[in-house]
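Undergrad: Next come the chains, spelled out residue by residue.
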Amino acid sequence: MIDSSLRWVDDRLGIAKGGRTFLDKIFPDHWSFMLGEIALYSFVVLLGTGVFLSLYYIPSAHEIVYHGGYLPLQGQKVSEAYASSVGLSFDVKSGLLMRQAHHWSADIFLGSIAVHMARVFFTGAFRKPREFNWIVGVTMLLLGIVNGFLGYSLPDDLVSGTGIRIAYSILESIPLAGSYLGTFLFGGNYPGNGIIIPRFYLLHILIVPALIVGLLAAHLGLLVKQKHTQFKGRGKTEHNVVGSPMFPTFMAKTTGFLFVTTAVTFILAGFAQINPIWQFGQYEPFQISYAVQPDWYMGWLDGALRIMPSWEFVGWGHTIPLEVLLPAVIFPGIIFNVFFAWPFIEARHTNDLAYHNLLDRPRDRPKRTGAGAMMLMLMFMVFGASSTDVLANFFQVPLNSVLWFFRIAVPLIPVITYFVTVKICEEMRGAEGIGKRKPPNVVHRSASGEFSTVPAEARPGDGHEELEAVPVPAFIDMVPADLATGPGIRRVMR
Amino acid sequence: MSDESPKAPSLAPVSLEDPHLQPYAKHPGRAEALAAAAMVIGFLGFIGFGITYWISDQTQWEAATLGGGMLALGVGAIAWGKYLMPQGPFVEERHDFHSTEAERDAMTAAIVERGGMVVQRRKVLGGLFALGSTAMGVVIAFPLIRSLGPKPATSRQATNTDTSLFATNWKENSQLVTADGRIVKVADLDVGGVLTVFPKGHEGSSPDQTILIRLAQIGPDDPPFQLESPGRTDWGVQGYVAYSKMCTHLGCPVGLYQKLTQQLVCPCHQSIFNVASGCIPEFGPAPRPLPQLPLKVDAFGNLRSQSGYQQAIGPGFWERP
Ligand code: HEM
Ligand code: FES
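The listed protein sequences correspond, in order, to chains G and H. Just so we're aligned, residue 2 is where the first sequence starts under the working numbering, counting upward by one. Just so we're aligned, residue 42 is where the second sequence starts under the working numbering, counting upward by one.
If we strip away everything but chain G, and leave its shape as in the complex, we get (with noise of 0.2 Å):
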């Protein structure tokens, strides 16, 4: 049958060499790899979910009288998107559970981009040929943060709507064309003219996403091209993979981890809630809920503007509000510049012009290693100086000391954290045998009380590393009889 089928194919498209070496394609058995793997799957999980909202969703501003299942809204004029929103929760079957689920992905999905990144950064994954993918990456990483940012505004309730005026200001800060981007993009001055939901929703569903699709299949095509990394290791060389193979080992894993992903989404949907829009009401651009905080991946941003100083320039007749300006616009910029830029600026460095295909432990490149650090600690920082109402009332401090604290610790504490990443790499490069895994010793007591200690047995995998790695078969030989006579096993040459 298959065999059937897969002729009429390749009669028609050629498929079967290509086929089969993708088949073949190793993947590295390392866990590191499943990073980027989670952040695939909850986007997988992002559209389908995504797909079930929009059935029920109503993009609109327009004013109607709530008659839904929530009791307490009853009779209060509302936005047809807040009160479909609110119906998704209450009045739509599995409802709750798939908003709930969209909204922890799209956390998952940042989350596990942002981490997925570090481990390519920190091992040197980006470096000559794999730097386009690198550059794709970022772009996702952008457009997943816009289109959470998007998404997290549509159901019209008093927090998201906080967020889609703070944006506006932030745009109108732009000087000589942020007050034309302000009323072009919302039709009119704030709030605008109602457009902006269908705006933002054609954005979130359609036009980013599509985005994001294209830019995804062009990092696993490259990926299949270019091949993958691997760490250092026995037979291990620039030029060659070792690992599992595409079919069946990886794909078995890989259809697995996609479930579990998928499971912890919806385990996370059903049991933590999340954006309770009903508990917040319908958007009032003169109302404001006491908890205005945005989703975990804009908190660097919200840091960044609480923290920085008034400083208003004003001067011939103008005004550049540049305490929105530097956190909001210039500082962002300067950060996602610099990760487009990253291999080129340190390949400029290095004046390292070569293929790599084996990664480096961190440990072996300080300076790399501590530039690392230092910008996860500097998206610490500002992330922590999001809230420094919550941290001030936690510790019972003044929160002028915690904005002053933040306000020196943020430019500080991350070149510190540079320094000191950079001798610890240091260090750890001179000792000896680190980073190795050390056989357990089993400590075993006599009837007469004597102790003596004996290597432990090889745990499952210590072995496994000792083999030699051998391309994939091109066919098995002394197949058993009986399944030799069967139907499917054929000997064949490739």
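What the hints contain is simulated information worked out from the structure, not anything from laboratory work. Note that the structure is a prediction, hence the values are computed from the model and not measured. Where hints are given, some of them may not hold.
Claimed, not checked - Here's a subset of chain G near chain H, in silico, CB distances under 7 Å, partners left out:
(1) Gly-179
(2) Gly-257
(3) Val-261
(4) Thr-263
(5) Asp-390
Claimed, not checked - Here are some chain G residues the structure puts well away from chain H; computed CB gaps all over 12 Å:
(6) Pro-60
(7) Val-139
(8) Leu-221
(9) His-229
(10) Gln-288
(11) Ile-336
(12) Phe-341
(13) Glu-428
(14) Met-429
(15) Pro-474
C-beta: ideal position from N, C-alpha, C; glycine also.
Got chain G; can you put chain H with the ligands on it based on the hints?
TA: Coordinates of chain H with the ligands only, in the frame set by chain G:
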């Protein structure tokens, strides 16, 4: 497939007993039992989800059954792949994917020489085509960008709040009303009370949102309420003051009033404004005081504005002088 000689020699057949083909697990039987058990649990989970959906639509049960089912099925598949499939390791050679020097030269030549030759011969056509496409690129941007929305009114005299960043609907004598249109009277608030107000006819409008605060209990015949802000001593009336509710940082409604310290706090980025001294920002990123609305009381005891705001409200922008 036949026109290529098979690269057989490097791909020797592998015997079924070859260690690379043995499962990774030491006890394949146990691994198989684990995978099977997981898959059975997965199956039961999905059945459970189906039942839950029909009989109760209870979110936690749905998550537990669907999520649990997928988790178990996924664990089963991973166990199968990790412990029961050929353990390898297998290796694949990398091949250079860059082209040879000759191929690169050929491509460059095709572009530079073949293309160059064509352009050299018909320079005018090349120029005209470039001109045409540039013009198209520019005019296509008009509908794409310019149609999106109205131009902002950048003059300070503009009065339409739909397009002007300077305008509000507060005028001389505007009557103060609440968001649902109730007229605000001088007797409405006790000391420490706050209310969000709008000019009558513009209830709920974003640029007009104004916060009315009663700082002190002062009768109509008492000496006027002294504000600490110079030049604005008579902008309050009978202990009432009113300020734009739109934060000068990023436009959030400055919604929290702290009675004891007479401070307005913006919940967005914790800017703090001192109400008694003209809403000067005392803390946080807000760069400017909240603009003040001058108040008066009419013959019926209703609060009204003496005039509109005398400066642009809200966050900073380029055209703001
Ligand atoms: C990068 C991909 C995506 C991200 C990061 C993302 C993120 C989000 C977030 C955070 C929300 C707010 C959810 C809430 O109400 O709590 C949301 C809402 C929504 N998303 Fe997405 N999303 C993505 C892709 C999609 C796609 C592909 C679709 C449709 C095909 C979609 C349809 C929707 C709809 C209809 C809503 C509003 C539903 C509601 O909350 O009532 N999303 N999205
Ligand atoms: S909007 Fe008020 S402090 Fe940022």
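Undergrad: Determine for every hint whether it applies to the structure shown.
TA: Each hint, compared with the structure:
Checking G:Gly-179 against chain H by beta carbon gives a least distance of about 5 Å; that is within 7 Å, so the hint holds. Nearest Cβ of chain H to the Cβ of G:Gly-257: about 3 Å, under the 7 Å cut. The hint holds. With 7 Å as the threshold, the beta carbon of G:Val-261 comes within range of chain H, its nearest partner Cβ sitting at about 4 Å, so the hint holds. The interface hint given for G:Thr-263 holds, since its Cβ lies 5 Å from the closest Cβ of chain H, which is under the 7 Å cut-off.
Because the smallest distance between the Cβ of G:Asp-390 and any Cβ of chain H comes to about 6 Å, under 7 Å, the interface hint for this residue holds. Every CB of chain H is more than 12 Å from the CB of G:Pro-60 (nearest about 17 Å), matching its label as outside the interface. Distance check on G:Val-139: its Cβ is at least 23 Å (rounded) from any Cβ of chain H, clearing the 12 Å threshold; non-interface status holds. With a cut of 12 Å on Cβ distances, G:Leu-221 stays outside the contact zone with chain H, its closest approach being about 16 Å.
At roughly 10 Å, the least C-beta separation between G:His-229 and chain H is not larger than 12 Å, which violates its mark as non-interface. Chain H draws G:Gln-288 into its interface by the beta-carbon criterion, the shortest separation being 6 Å against a cut-off of 12 Å. Interface exclusion of G:Ile-336 from chain H stands, the closest Cβ pair being 19 Å apart, more than 12 Å. A cut-off of 12 Å between C-beta atoms confirms that G:Phe-341 is not in contact with chain H; the least separation is 23 Å.
For G:Glu-428, the requirement that its beta carbon stay farther than 12 Å from each beta carbon of chain H is met, with the minimum near 32 Å. Annotated as non-interface, G:Met-429 keeps its C-beta farther than 12 Å from every C-beta of chain H; the closest such distance is 27 Å. Non-interface status of G:Pro-474 relative to chain H is broken: a Cβ of that chain comes within 12 Å, the nearest being about 4 Å off.
In this structure, the earlier hints numbered 9, 10 and 15 are contradicted, and the remaining ones agree with it.
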